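Trainee: With chain A's structure known, arrange chain B on it following the hints.
Next come the chains, spelled out residue by residue.
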Amino acid sequence: MGGTTVTVVLVADDDADIRDLVAFKLEQAGLEVIAVEDGQAAVEQAKARRPTLAVLDVSMPGLSGIDVCRMLRADPATSGMLIIMLTARVQEQDVEGGFSAGADDYVTKPFSPRELVTRIQALLSRARA
Amino acid sequence: MRRDRSVGSLLTRAFGVLVALIVCSGVAQSTALVMQHRVVNELSTQVQPLELANAQLRGVLTDAQRGLRGYLLTGDGQLLDTYHVARSGYQLAGSRLRDLAHDRERDAVARQLAHADAWWIIAEQQRQAPPRSTVAADYVNRGKPLFQAFVAENQALHGDLETRAAELHRRSARLSIVTTVVVIALTVLAAVTALLAAVVIRRRITGPLARVVSIIDRRRSGELEIRADASEGPTEIRAVAQAINDMAEEGDRIRGAEKDVARQRAEVRQLGYRIRSHLRVEEAIQEAVRGLADTIGADHVLVRMAPGQTDVPPLVSLRDEHVGGVLKELADCDVSWLRSGDMWSSEDIDHEGQGVPPEDERRACAAAGAGPVLTVAVSGSDECLGALTVIRDDKPAWSPMEARLVESVAADLGRGVHHARLYEREQHLVARLQEVDTAKTDFMSTVSHELRTPLTSIAGYVELLLDAEAGELTPPQQKMLEVIGRNTRRLRELIEDMLTLSKIESGSLRPSRKPVDLVKVVEQAMAAIAPAAAKGQVVLRTEVDGPLELHADPEQLDRVLMNLLSNAVKFSRPDGTVTVSARREGDEVHLSVADNGMGIPPSEQQALFARFFRASNAIHKAIPGTGLGLAIVRTIVDNHGGRIAVKSTEGAGTTVTVRLPVH
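Those protein sequences? They're chains A and B, same order as listed. Under the numbering used here, the residue at position 92 of the first sequence is numbered 92, and the numbers go up by one with no gaps. Under the numbering used here, the residue at position 339 of the second sequence is numbered 339, and the numbers go up by one with no gaps.
In isolation and in its complexed conformation, chain A is listed as follows (with noise of 0.2 Å):
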């Protein structure tokens, strides 16, 4: 990665089609992905590649998003990573969840492509600030 000042996002979700739109957007809007489709490979890459941000989804099979959220801020080396959660869900004590396991922010599903490139961008600013 060196001296190039491109972003590195992961993106872990197990539905192709979202992990494509997701990782198209994020392309499109001059970051690099990394798309995997489950909990275990989203710790692995992390770990490996040190990404500055996940995307993460809630429901995912084996490991869930939170699951790998907390994993990551339990490992020193991948405490500090911004991370934003895809949640299907609406209830409270999901969002908790997320966050208690150590969230940045978390968006809804069904989200708009624009509102999440908004919100990862806001991240990164904040974190860069």
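Honestly, the hints are just simulated from the structure, not real lab data. Computed from a predicted structure; not experimentally measured. Some clues are possibly wrong.
[Claimed, not checked] In silico lysine to any residue, SDA-like type, Cα no more than 25 Å apart, as pairs:
1. B:K144 with B:Q128
2. B:K440 with A:T108
3. B:K535 with A:R114
4. B:K328 with B:E407
5. B:K395 with B:E359
6. B:K328 with B:P396
7. B:K503 with A:T108
8. B:K535 with A:E115
9. B:K621 with B:R490
10. B:K503 with A:V107
11. B:K144 with B:T62
12. B:K503 with A:Y106
13. B:K621 with B:D497
14. B:K479 with A:F24
15. B:K535 with B:P624
16. A:K47 with A:D15
17. B:K259 with B:E249
18. B:K479 with A:D17
19. B:K440 with B:E496
20. B:K570 with A:S112
21. B:K479 with B:K570
22. B:K570 with B:R486
23. B:K479 with A:S112
24. B:K647 with B:A622
25. B:K535 with B:S616
26. A:K47 with A:E32
27. B:K479 with A:Q28
28. B:K479 with A:E115
29. B:K479 with A:R114
30. B:K259 with B:A403
31. B:K440 with B:E225
32. B:K520 with B:E555
33. B:K535 with A:S112
34. B:K328 with B:R392
35. B:K259 with B:T206
36. B:K479 with B:R492
[As the list claims (entries may be wrong)] Quick partial rundown of chain B residues pointing at chain A, CB under 8 Å, derived from the structure:
37. H449
38. R452
39. T453
40. L455
Note that the Cβ used here is the ideal one computed from N, Cα and C, for glycine as well.
Mentor: Just chain B, lined up with the frame of chain A:
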């Protein structure tokens, strides 16, 4: 205290004296009468006949002397006849006087008759003398002193008799006076005695009797601790006072016993309430066992439930450490011999038509102790659920009253157990229903998640296309994609509303009430709706008199207001006005959202709150909506105990008013 103060003896004495006085008076009068009689008798039978005889004698002799003297002086033979008549009457008169004379007069009479006889002799001699002769005159002169001696004697006797008569008259008068005085004295004495007795008796009886009567009156008016003084007054009154005191003691004792019974009844009633208030069979039984031991003075209390009625352990027992001890055997005996309403007492032989325990139960009772055993069926809705047994280590036997109390507790226990069983069943059912409900909610959640994921893809890709991220679009393509986008949004809203409604209706979204300031909720909602209003060129107004605090779920309240506001904005024309007003009315808060938009046709206003209902004019004008907004509003308002009303005129506007209780 005097020796005898009986009213009876006093009366006896008083009447004794009175009777004695009356008898004395009678005796005095009788004595006087007898004496009077004697006096009169003496006067009439002795003195007066004697006087008469004496006078007759004198008359005879006077006639004889006058006749003789006349004859002698005149020679008239007629006069001599007078003499002869007197001469012949003399013997009779003389003998009558002699006969009548008693000892004291006899001498005087004899002397008189001697003088008379002497005169008669002289007189006979004179008669034979020739009349008008000196001889005759001489005889007259000789006979004169004799006659005078006779007259003197006769006079003397007459005087004597007169004196005696006068004496007798005086005696009679004196006797009469003495008698009168004595009788008057005795009468006065009797009167005084009677008066004294009356006064004394009155004083001795009336006072103490009045005190006793006043004690009775005061007791009747409620002074139950008061007692009559049994140490004062005459014996009879003391006896009455004592009887009243005895009666009072007996009354107190009965009252005390009644109070005890009433207290025990009240305790048993309280125990019944407590037993029935338990929602678990075992707790109800434990309450009965504890309560009975305390209230009724049972040394051991045992409740056995019939097998198959409840799965409560067969023995829930007693207040001491005898479990597994003397009651062990009895606890293991089954109670199938008891029928609903049965009662069996070890002391009582009279149990016709009632269940009699089998031999092993009797043996177990005997093993539990020698004291009286009472077993009552615990019945719930006509079936025997079990048995309640109370045992005393020693006498006394269970009284009928105690038996009734135990029966009452058994009845309450039966009801309590019955209710607790129903409640447990209910609880089970509720748990099942909750499971079903949770499953339903989970299902809804899963469905919504499953629906949202494909929706996200559709909406996302439509957005990418519309943003020309995949290349420029032709106007028809643009328009078609907008249609897809609009319907995707509608689908999304439908899913959201359905999920919300389902949650609210299933109760998993129960209002969590807390004090909410409605003014703040209105402000937030106005801010949230402002962009949509601006887009539709709708003017927003608020008419709120703050502060307006009420007890409600803030999120649900916000939802109500947002749904109403978004409807109002949605159905308003450009330059229309939406007014939110809120005010307190008594114990309610009135919140209304009014618009001057298209309104609702009158025929459709009834169906407004039905799910998926949409007004025909809204559909006609292709105004988007799910038809669930008002259904959600209504459900929330209902859950808060409020009411909702709609007033609408087609083409002029709609006002929705929500009334919510403050508490």
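Trainee: Now, for every hint given, state plainly whether the structure supports it.
Mentor: Okay, the hints, checked on the actual structure:
1. B:K144 with B:Q128: Holds. K144 of chain B to Q128 of chain B sits at ~17 Å (cutoff 25 Å).
2. B:K440 with A:T108: holds (22 Å)
3. B:K535 with A:R114: Roughly 20 Å separates the two Cα atoms, so the pair holds.
4. B:K328 with B:E407: OK: K328 of chain B and E407 of chain B at ~23 Å, within 25 Å.
5. B:K395 with B:E359: Between K395 of chain B and E359 of chain B the Cα gap is close to 23 Å, so the pair holds against 25 Å.
6. B:K328 with B:P396: Holds, at about 23 Å.
7. B:K503 with A:T108: OK: K503 of chain B and T108 of chain A at ~18 Å, within 25 Å.
8. B:K535 with A:E115: The given pair, whose Cα atoms are some 20 Å apart, holds under the 25 Å limit.
9. B:K621 with B:R490: holds (16 Å)
10. B:K503 with A:V107: Holds. K503 of chain B to V107 of chain A sits at ~22 Å (cutoff 25 Å).
11. B:K144 with B:T62: With a Cα-Cα distance of about 12 Å, the restraint between K144 of chain B and T62 of chain B holds, given a limit of 25 Å.
12. B:K503 with A:Y106: holds (23 Å)
13. B:K621 with B:D497: OK: K621 of chain B and D497 of chain B at ~22 Å, within 25 Å.
14. B:K479 with A:F24: holds (23 Å)
15. B:K535 with B:P624: holds (15 Å)
16. A:K47 with A:D15: holds (22 Å)
17. B:K259 with B:E249: holds (15 Å)
18. B:K479 with A:D17: holds (24 Å)
19. B:K440 with B:E496: Cα-Cα ~16 Å, so holds.
20. B:K570 with A:S112: Holds, at about 23 Å.
21. B:K479 with B:K570: Holds, because 22 Å separates the two Cα atoms, which is no more than 25 Å.
22. B:K570 with B:R486: holds (15 Å)
23. B:K479 with A:S112: Roughly 19 Å between the alpha carbons, so the hint for K479 of chain B and S112 of chain A holds.
24. B:K647 with B:A622: Measuring from Cα to Cα gives roughly 23 Å; hence the hint holds.
25. B:K535 with B:S616: holds (24 Å)
26. A:K47 with A:E32: With Cα atoms ~16 Å apart, K47 of chain A and E32 of chain A stay inside 25 Å; holds.
27. B:K479 with A:Q28: The hint holds at about 24 Å.
28. B:K479 with A:E115: holds (22 Å)
29. B:K479 with A:R114: holds (20 Å)
30. B:K259 with B:A403: Given that 25 Å is the threshold and the Cα spacing comes to 18 Å, the pair holds.
31. B:K440 with B:E225: Given that 25 Å is the threshold and the Cα spacing comes to 74 Å, the pair is violated.
32. B:K520 with B:E555: holds (12 Å)
33. B:K535 with A:S112: holds (20 Å)
34. B:K328 with B:R392: The given pair, whose Cα atoms are some 16 Å apart, holds under the 25 Å limit.
35. B:K259 with B:T206: violated (37 Å)
36. B:K479 with B:R492: holds (20 Å)
37. H449: The hint holds - H449 of chain B has a Cβ within 8 Å of chain A, the shortest such distance being about 4 Å.
38. R452: At about 4 Å, which falls below the 8 Å cut-off, the nearest Cβ of chain A leaves the hint on R452 of chain B intact, so it holds.
39. T453: holds (5 Å)
40. L455: Cβ of L455 of chain B sits 4 Å from chain A, so the hint holds.
In summary, the numbered hints that this structure violates are 31 and 35.
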